[in-house]
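For the record, the sequence lines run as chains A and B. All residue numbers for the first sequence refer to this note's numbering, where the first residue is 1 and numbers rise by one. All residue numbers for the second sequence refer to this note's numbering, where the first residue is 1 and numbers rise by one.
Source of the hints: derived by calculation from the structure; they are not laboratory data. Keep in mind it's a predicted model, so treat the numbers as computed, not measured. No residue lacks a Cβ here, since even glycine has one placed at the ideal position from N, Cα and C. Mixed in with the good hints, there may be bad ones.
Said to hold, decoys possible - These stretches of chain A come out as covered by chain B in the derived footprint (C-beta under 8 Å, 3 or more residues):
hint, stretch
1, 45-58
2, 123-129
3, 140-147
4, 172-185
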Amino acid sequence: MTDAEWFDLIRKSPQKAHYILIDQYSNFVYAIVLSKLKDTATREDIDDCVSDVFVEIFSNTDKYAGKGPIKNYISIIAKRKAINTYKKIMYSRQNTGYIEDEDSEIPENSSSPDMLAEQKLFNEKLWEIVKSLGEPDTSIIIYQYFYRMKLKKIAEKLSLSAAAIRQRSSRAKERIRKKLENEKYL
Amino acid sequence: MNDNKYDFLNRLTELDDYEIEKISEDFPFADKSAKKRIAKLCEEKLDMNNNKDEFITDRKADKITKTPWYRSYALGIAASLILVAGFGFLAIKGLSRQGTKDNQPENNDFYTGIVTETTSVTDTITTTASTTDEITSQTTTSTKTEISTTDTTEITVSSTTAPTTTTTAKKAAVHYSITLPSDANGKFIITFNAYRDGNFTAFKSKEITFPYDQNFDETITGEGTEKVYVMLENAITWDSGIIIGNYVFDYDSGNITTEYEDVRKAFEDAGAFRDYTQSDFKRQSVNEFMSMLNGIRGIQDDKTWLIIAEQSVSLLNWSMGTTLTNDEIISAWGIYTDNWTEADFDSFRHLYQLVYDEAFNIVTNGNGELLAQLGYSDSDFNFVELPLEPMETIKALT
């Protein structure tokens, strides 16, 4: 569905339009939110944040209509909501007033340009190695370390036993580590 | 994950936006139950009318908790505004508009389908028997005139008479119904096609969306007997021409004779049993973005265009969170180079507006002075004096 069609649909059948947008973009939003929140948030926090992203879009369709790809808005709003969720979580954990020091931010972009470049190179290499693992190992690592899913959940998702997931995960992690070491990244 | 030896794997979450989007496509997180959960949460929040308050709360939180990182983000976006504004100025200099509709399919039956579905459900359900109506219409200057009837069905009436005459058509109907696969995903358009006046013509279409629609019922009006091909089109991937069945519609008796029908196979061929990925929607993004770039006229040489294309892509990827690669854009650009129209000034202006809105949202939230420092004023859209910053300069600001 094109953006124009979606904006057309939301005027006629909002609920259907809502469902379609969620269906199309929920994986995208989850990926952005989870990549920002990492281990800090509970599943409820994450779902809450993801739903906030869509609610903001649904509540401001007039603002976004015809002003460019809706995916761009979704991406921006997802990042913003994830940052706010992170702040709220940190605030409630520390309970020391609003977060004002730099450490309270999601820790990124805080390194020097050289360090950032090194990190970027490392991340690219890491991703390259993870992709080269082959299935189902690549999926296992992604679900375990990107999406932070429990082994049992991964097992259900990939239709494998939890023991097999555990064993494959261990071997895959070791392979990744050795490759990084061999190429002097570790 | 609690094994420190492998802590480096946590850095998978620090990948670039493009890779994150790829992960969301290739390793989807949300299953159907998660999507339903999100839909339910959204519904509750919208019902409670909390969305506005929540948005305000977020803004307040931003204001209070703004940090140097956030400031640099704002600075970066504001700087990107200058770049886009520079493009916008070029656009203003040489453009007129037509809009992004250039890339839309010419056949807008899809929209008609939506309207039909949402406005005439009762008609569709109740008009199951053959009916005969007298339709009086005024033909216009062509020999082929489309007449919209009261039940929103489009009828093509052929007339060999001179323009501005009155044609009376006898209308009867058949009721077409199929059961849709319960496990299908996505959105589709069902089109009725027949040979009319020597041409293979799509004379009616209607949209269906899973999982909302379980059955497809449609009352088709016409005259006499005709062979009808019912075809399926995937409204997301635009895969089309997939035959659901061939039938003979006898409008007078209301009977349908099935010559061939395989509903499930048609939906399978149309990709209804797979999960859609972001890649399915990428082409649309490319097209939309290209229509913006196409709008910038006054620059004739290819090299400059290439640079602008690359910078624009970088700009979008960087500040707007898109993931288009230069190659995708340039490739699409090549396709459209020969097809430039007067279009797209507005599209480009929308891009500018998009960046502006985001910059304004962030920067004016207690940090309006940053815009002023950059020589930018909300009330003064004077971009003529502003340089077209290279991406390296903009990136260096962050």
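Quick rundown of the hints versus the structure:
1. Three residues within the 8 Å Cβ limit are the bar, and the stretch 45-58 of chain A against chain B gives 9, so the coverage statement holds.
2. Counting residues of the stretch 123-129 of chain A whose CB lies closer than 8 Å to any CB of chain B gives 3, so the stated coverage by that chain holds, three being the minimum.
3. Interface restraint, the stretch 140-147 of chain A with chain B: holds (7 residues with C-beta to C-beta distance below 8 Å; minimum three).
4. With a cut-off of 8 Å between beta carbons, the stretch 172-185 of chain A has 4 residues touching chain B; three or more are needed, and the interface restraint holds.
Hint violations for this structure: none, all hints satisfied.
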